[in-house]
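Number of protein chains: 2
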Amino acid sequence: MARATDIKFMRRTLQLAQKGSGFVSSNPMVGAVIVKNGKVIGEGFHQRFGEAHAEINAIESASQPVRGATLYCNLESCCHRNKKTPPCIPRIIREGIKRVVIASLDPNPEVNGKGVEFLRNAGIVVETGIMQEESDELNRFFFKYITTMLPYVTLKVAQSIDGKITEKIGEQTWLSAKASQLLVHKWRSAYDAVLIGANTVKIDNPQLTVRYIVGRNPIRVVLDGNLTLNAKYRLFHADYSSKTIVISQGNQDKKRIKRYKGLNCEVISIPGGSNNRIPIKDILRVLVQKNITSILVEGGQQIFSQFISQECVDEIAVFIAPKILGRGLSTFDLENTDMGRDFKLIRYEECGADVLLTYRI
Amino acid sequence: MARATDIKFMRRTLQLAQKGSGFVSSNPMVGAVIVKNGKVIGEGFHQRFGEAHAEINAIESASQPVRGATLYCNLESCCHRNKKTPPCIPRIIREGIKRVVIASLDPNPEVNGKGVEFLRNAGIVVETGIMQEESDELNRFFFKYITTMLPYVTLKVAQSIDGKITEKIGEQTWLSAKASQLLVHKWRSAYDAVLIGANTVKIDNPQLTVRYIVGRNPIRVVLDGNLTLNAKYRLFHADYSSKTIVISQGNQDKKRIKRYKGLNCEVISIPGGSNNRIPIKDILRVLVQKNITSILVEGGQQIFSQFISQECVDEIAVFIAPKILGRGLSTFDLENTDMGRDFKLIRYEECGADVLLTYRI
Numbered sequence: 001m002a003r004a005t006d007i008k009f010m011r012r013t014l015q016l017a018q019k020g021s022g023f024v025s026s027n028p029m030v031g032a033v034i035v036k037n038g039k040v041i042g043e044g045f046h047q048r049f050g051e052a053h054a055e056i057n058a059i060e061s062a063s064q065p066v067r068g069a070t071l072y073c074n075l076e077s078c079c080h081r082n083k084k085t086p087p088c089i090p091r092i093i094r095e096g097i098k099r100v101v102i103a104s105l106d107p108n109p110e111v112n113g114k115g116v117e118f119l120r121n122a123g124i125v126v127e128t129g130i131m132q133e134e135s136d137e138l139n140r141f142f143f144k145y146i147t148t149m150l151p152y153v154t155l156k157v158a159q160s161i162d163g164k165i166t167e168k169i170g171e172q173t174w175l176s177a178k179a180s181q182l183l184v185h186k187w188r189s190a191y192d193a194v195l196i197g198a199n200t201v202k203i204d205n206p207q208l209t210v211r212y213i214v215g216r217n218p219i220r221v222v223l224d225g226n227l228t229l230n231a232k233y234r235l236f237h238a239d240y241s242s243k244t245i246v247i248s249q250g251n252q253d254k255k256r257i258k259r260y261k262g263l264n265c266e267v268i269s270i271p272g273g274s275n276n277r278i279p280i281k282d283i284l285r286v287l288v289q290k291n292i293t294s295i296l297v298e299g300g301q302q303i304f305s306q307f308i309s310q311e312c313v314d315e316i317a318v319f320i321a322p323k324i325l326g327r328g329l330s331t332f333d334l335e336n337t338d339m340g341r342d343f344k345l346i347r348y349e350e351c352g353a354d355v356l357l358t359y360r361i
Numbered sequence: 001m002a003r004a005t006d007i008k009f010m011r012r013t014l015q016l017a018q019k020g021s022g023f024v025s026s027n028p029m030v031g032a033v034i035v036k037n038g039k040v041i042g043e044g045f046h047q048r049f050g051e052a053h054a055e056i057n058a059i060e061s062a063s064q065p066v067r068g069a070t071l072y073c074n075l076e077s078c079c080h081r082n083k084k085t086p087p088c089i090p091r092i093i094r095e096g097i098k099r100v101v102i103a104s105l106d107p108n109p110e111v112n113g114k115g116v117e118f119l120r121n122a123g124i125v126v127e128t129g130i131m132q133e134e135s136d137e138l139n140r141f142f143f144k145y146i147t148t149m150l151p152y153v154t155l156k157v158a159q160s161i162d163g164k165i166t167e168k169i170g171e172q173t174w175l176s177a178k179a180s181q182l183l184v185h186k187w188r189s190a191y192d193a194v195l196i197g198a199n200t201v202k203i204d205n206p207q208l209t210v211r212y213i214v215g216r217n218p219i220r221v222v223l224d225g226n227l228t229l230n231a232k233y234r235l236f237h238a239d240y241s242s243k244t245i246v247i248s249q250g251n252q253d254k255k256r257i258k259r260y261k262g263l264n265c266e267v268i269s270i271p272g273g274s275n276n277r278i279p280i281k282d283i284l285r286v287l288v289q290k291n292i293t294s295i296l297v298e299g300g301q302q303i304f305s306q307f308i309s310q311e312c313v314d315e316i317a318v319f320i321a322p323k324i325l326g327r328g329l330s331t332f333d334l335e336n337t338d339m340g341r342d343f344k345l346i347r348y349e350e351c352g353a354d355v356l357l358t359y360r361i
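Read top to bottom, the protein sequences are chains A and B. Just so we're aligned, residue 1 is where the first sequence starts under the working numbering, counting upward by one. Just so we're aligned, residue 1 is where the second sequence starts under the working numbering, counting upward by one.
Be aware that a few hints might be false.
To be verified - Listed below are the simulated DSBU-like cross-link pairs for lysine-lysine, each with C-alpha atoms no more than 30 Å apart in a straight line:
no., chain 1, residue 1, chain 2, residue 2
1, A, Lys290, A, Lys258
2, B, Lys202, B, Lys344
3, B, Lys178, B, Lys344
4, B, Lys168, A, Lys168
5, B, Lys344, A, Lys168
6, B, Lys168, A, Lys344
7, A, Lys186, B, Lys344
8, A, Lys258, A, Lys144
Calculated from the structure, these hints are not laboratory results.
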């Protein structure tokens, strides 16, 4: 089969995989397409964590017997058994699939390459690496998580041309274009959690929900070391369907913890580090245990700076509004500037009146 | 003739006009193409201030008689006589050109529309507005100058993602990618002058010449209110073929002025304003009298901020390096932030590892 055809069907496979965005973690997004005589006879994707895998959904949706067909799958099929659903490979073999085309090998050390080997040993033709770059990009949250057991962290910054996030310290400044806000809501529906500092809660009083598009709400995480918040903030609004997690430092005063009882939230205490602050990595380790494999960090300056200086950032998305503030709060405040070096520009695009610059480490 | 053909020849006309960049101000860049029976029979451009105009050069280069031909010219041909060369229009009429295609009307109030009228009265078919946007862009320096009698001012900023221009105050930080530096040298060869503050001279000791490409050097302007510089700075190097202009404030001490004697520079004193600083507009008015119709402002923070807060900026070109400095000197320091509002993003592009964002007012 021509490579152009493989690319066509893999593109469809990735589209299907994407449909699981926001619902499948800590699993990867996986799509599957079954093709026979050049025609798609079955499609499926992994829809929700704990439910059937893409390959099975595709096989079961097939409009005719899949014997002799080609299966497209963006991720190497699973062969390990210590998980919620039976492994897919025996089923693929049993159904008589003749050829399997894969975009990315599963970086999960329990699978990596073994799935391909398994299929080949059963006489199935396996091709890998078709649209791998797009596939790796799609599942970058999962890849980070499965190889490091830490969540993928993106800082979302909305700043002026001259790197200011607010005009006056302690006051909110609206900088982003509507198109940028829409995109952020889309991201919120894809990331497992959104994280901000208590100071930003006090100044902006944000909801951190998905409103401008249709999508599921993320878990909301507030770093509130000394438990200084209360019920008046919208973050604790009862209507909110997902959990709010408050991270506090060490053993807090019982009276303070009591204030949070009855609020729609969970308080997690983590010991502070040498400088009396909770090490960011400790926070990430706690959150990953709650199935949070991706975090969108939305501010403010101190939170951004701690993530950068403690090297806990995978991606920085900077929305630059067409304004010069001239004074006000800078996006970052780093004691040791060496920490902020070595980023790579991945993408640059227009977003309403703003520019969106995406950097990775 | 089809519009597509007109666009093709006008594109060539603009390419020719561009060749005058850096050499024709305070005149506009003008190109001319003469087409007969669908073939180019003559080409020309305005090569140097005071020399022949594009139309004349094209007519005189023609490989056959231009009678009955079409003349493409990006700018409306001149009919006024108070200038260095005779007006082009009588020559165009005399040569028997049948049709004239123009991109932009000449904003010079002495011409604006009168040239077209003159041609039409002579029975010549005139079309205007072909590729006008590109043509207006090409001659934006001239358009600003001729309509306001002030130079076109571009701030060239090289900053980190977080809007810092140096890591430590008083020290130079190299931020820009090689590709960005090349582009800046290209700009230097196109702008009439490059302007910086005395503080930047002391910290960076730049040459402000064109070295990375082949091109003519700009005039160098230093704002040195109290005449604090001396011969050790490269700006005063004798090799430099163009002038260096030092702008000082009010009546300076004779001993200080004496220090500048023998240096390859001119000292111009301008009275300070109410805050003991020279109003930027007064500087621009003095420079425009020296035939400087475009200025590239290269720093530092105080100079950038004065230009912005005194509303003397037409364009801001921001090179963003893929670094976070976290601390250091911000690009701007504005007392009144309202001054920095209302920019418009015109272009965004990759430049090596940097992003270049171009804003206009």
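Against the structure, the hints:
1. Lys290(A) - Lys258(A): Since the Cα atoms of Lys290(A) and Lys258(A) sit roughly 23 Å apart, the hinted pair holds (cutoff 30 Å).
2. Lys202(B) - Lys344(B): Outside the cut-off at roughly 33 Å; violated.
3. Lys178(B) - Lys344(B): holds, 26 Å
4. Lys168(B) - Lys168(A): At roughly 23 Å apart (the allowed maximum being 30 Å), Lys168(A) and Lys168(B) satisfy the hint.
5. Lys344(B) - Lys168(A): Holds, at roughly 23 Å.
6. Lys168(B) - Lys344(A): Between Lys168(B) and Lys344(A) the Cα gap is close to 23 Å, so the pair holds against 30 Å.
7. Lys186(A) - Lys344(B): Holds. Lys186(A) to Lys344(B) sits at ~25 Å (cutoff 30 Å).
8. Lys258(A) - Lys144(A): With Cα atoms ~36 Å apart, Lys258(A) and Lys144(A) exceed 30 Å; violated.
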